[in-house]
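Asks: Sequence:
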Amino acid sequence: MGTQENEQTAVTGRRMLLGAAVLGAGGAVLGLSGTAKAAEARHGGGGGGVKSLPKPTIIGHRGASGYRPEHTLGSYQLALDMGADIVEAGDLVPTRDGHLVCRHEPEIGGTTDVADHPEFADRRKTKSLDGVATTGWFTEDFTLAELKTLRATERIPANRPHNTLYNGRWEIPTFEEVLRWQDEQTRRRGKQVWIYPELKHPTYFRKQGLALEERVAKVLRKYGRDRRNSPVILQSFEPTSIQRLNKLVDNPLVVLLSGAASRPWDFVETGDPRTVADLVKPAGLREIASYAQGIGPTLDLVIPKDAAGNLTTPTTLVADAHKVGLILHPYTMRNENPFLPANFRKGTDADAYGDVFGAYRTYFATGIDGVFTDNPDTGLLAREDFVNG
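Take any residue in the sequence shown, count from 1 to its spot, add 1: that is its number in the working numbering.
The set of hints was computed from the structure by calculation and includes no laboratory data. All of these numbers come straight from a predicted model, not from anything done at the bench. Careful: at least some of the hints might be erroneous.
[As the list claims (entries may be wrong)] Distance ranges between label pairs, derived from CB positions: (1) GLY99 - ASP386: 16 to 26 Å; (2) ALA134 - LYS52: 39 to 49 Å; (3) ASP123 - ARG287: 43 to 53 Å; (4) GLY191 - THR349: 28 to 38 Å.
[As the list claims (entries may be wrong)] 16 Å max Cα-Cα, derived EDC-like pairs, lysine to aspartate or glutamate: (5) LYS128 - GLU106; (6) LYS208 - ASP131; (7) LYS223 - GLU178; (8) LYS149 - GLU120; (9) LYS223 - ASP184; (10) LYS219 - GLU172; (11) LYS126 - GLU108; (12) LYS149 - ASP114; (13) LYS128 - ASP142; (14) LYS223 - ASP251; (15) LYS208 - ASP184; (16) LYS126 - GLU106; (17) LYS219 - ASP251; (18) LYS149 - ASP98; (19) LYS219 - GLU178; (20) LYS149 - ASP117; (21) LYS128 - GLU108.
We put the beta carbon where it would ideally sit given N, CA and C, even for glycine.
Taking the hints into account, I'd like the entire structure generated from these sequences.
Replies: Right, here's the structure in full:
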């Protein structure tokens, strides 16, 4: 997730990571929209479905990406070991031969060692990705076998130099490998493991004959994980992609929402003039609730920042969404100063940990149902503090 996030990078300097805290699932359960059914899944079922998850739900953003290169089985595994309620495994993009793999973006120059492979030098291209000229190597230009020769690397080494220790350790996982890993971990732990995949740039890929929705649905049906209570929540920044999925599978669905002034790329392509600011109005939320169970807004839509980067007054988004039965899983909490609101940063080191617990407390107080975090252990401790008062 988070193509549209305002990713910040800065000169490094980093404090030792917090110890992993494997906490129990305390607190209230979160609700589904009024259209959700409680039918028990026969295969890969999630028991009580989304309602069975603790609140606020702690979602490992691309795994435990504060500590391991994102979208690797190592990152996913660490998120589970830390106690994350859900693992965002993964951001789904296709290969040339139609397989689904887990990468933050189709451009993989910043998250793999592809630049070190001279045999792929001629694959480097400049493409228009949702209207932005992007140069690098793209998954759709590789077969799965070719991608499997690459290894994952840290995406923001300037902020997380410690993660570079693990560069080259893990390959790019496929969606099917993630589903098999989910099964294995569920059996091993005696507790249902949940995942939260995102469909990346659906309009872009559909125009290339690599439609994501049908491929995702086919794989989910193969593994019996396409039901209302299946432990797989699907998300996308493109509302029409979620509408398409709503006709193909019964999984819980979430519409991701970027900055208020932005327009989903499918809206740009179809000439829909609405912005995210329109979608978060009561009428827009009612429309989303007709085909989805939740929204994943940027944290700034929950509590805006002023010109200095300090948090201001919460919006009515949480209450408005809850009125129409939608859950809210905003993104993304990170421990480092550059990613925190200015009034929760500490010291002068740009990459030191700030007052992240204070930031969690402020966001949790708005009534959000959960949050994506690069640091699941920190999120779990923050929830423990919040639930226990």
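Asks: Each of the hints needs a verdict: does it hold here or not?
Replies: Hint by hint, here is what the structure shows:
no.: 1; hint: GLY99 - ASP386: 16 to 26 Å; result: violated, 46 Å
no.: 2; hint: ALA134 - LYS52: 39 to 49 Å; result: holds, 44 Å
no.: 3; hint: ASP123 - ARG287: 43 to 53 Å; result: holds, 50 Å
no.: 4; hint: GLY191 - THR349: 28 to 38 Å; result: violated, 47 Å
no.: 5; hint: LYS128 - GLU106; result: holds, 13 Å
no.: 6; hint: LYS208 - ASP131; result: holds, 12 Å
no.: 7; hint: LYS223 - GLU178; result: holds, 13 Å
no.: 8; hint: LYS149 - GLU120; result: holds, 14 Å
no.: 9; hint: LYS223 - ASP184; result: holds, 13 Å
no.: 10; hint: LYS219 - GLU172; result: violated, 24 Å
no.: 11; hint: LYS126 - GLU108; result: holds, 10 Å
no.: 12; hint: LYS149 - ASP114; result: holds, 11 Å
no.: 13; hint: LYS128 - ASP142; result: holds, 12 Å
no.: 14; hint: LYS223 - ASP251; result: holds, 14 Å
no.: 15; hint: LYS208 - ASP184; result: violated, 33 Å
no.: 16; hint: LYS126 - GLU106; result: holds, 15 Å
no.: 17; hint: LYS219 - ASP251; result: holds, 13 Å
no.: 18; hint: LYS149 - ASP98; result: holds, 13 Å
no.: 19; hint: LYS219 - GLU178; result: holds, 15 Å
no.: 20; hint: LYS149 - ASP117; result: holds, 14 Å
no.: 21; hint: LYS128 - GLU108; result: holds, 10 Å
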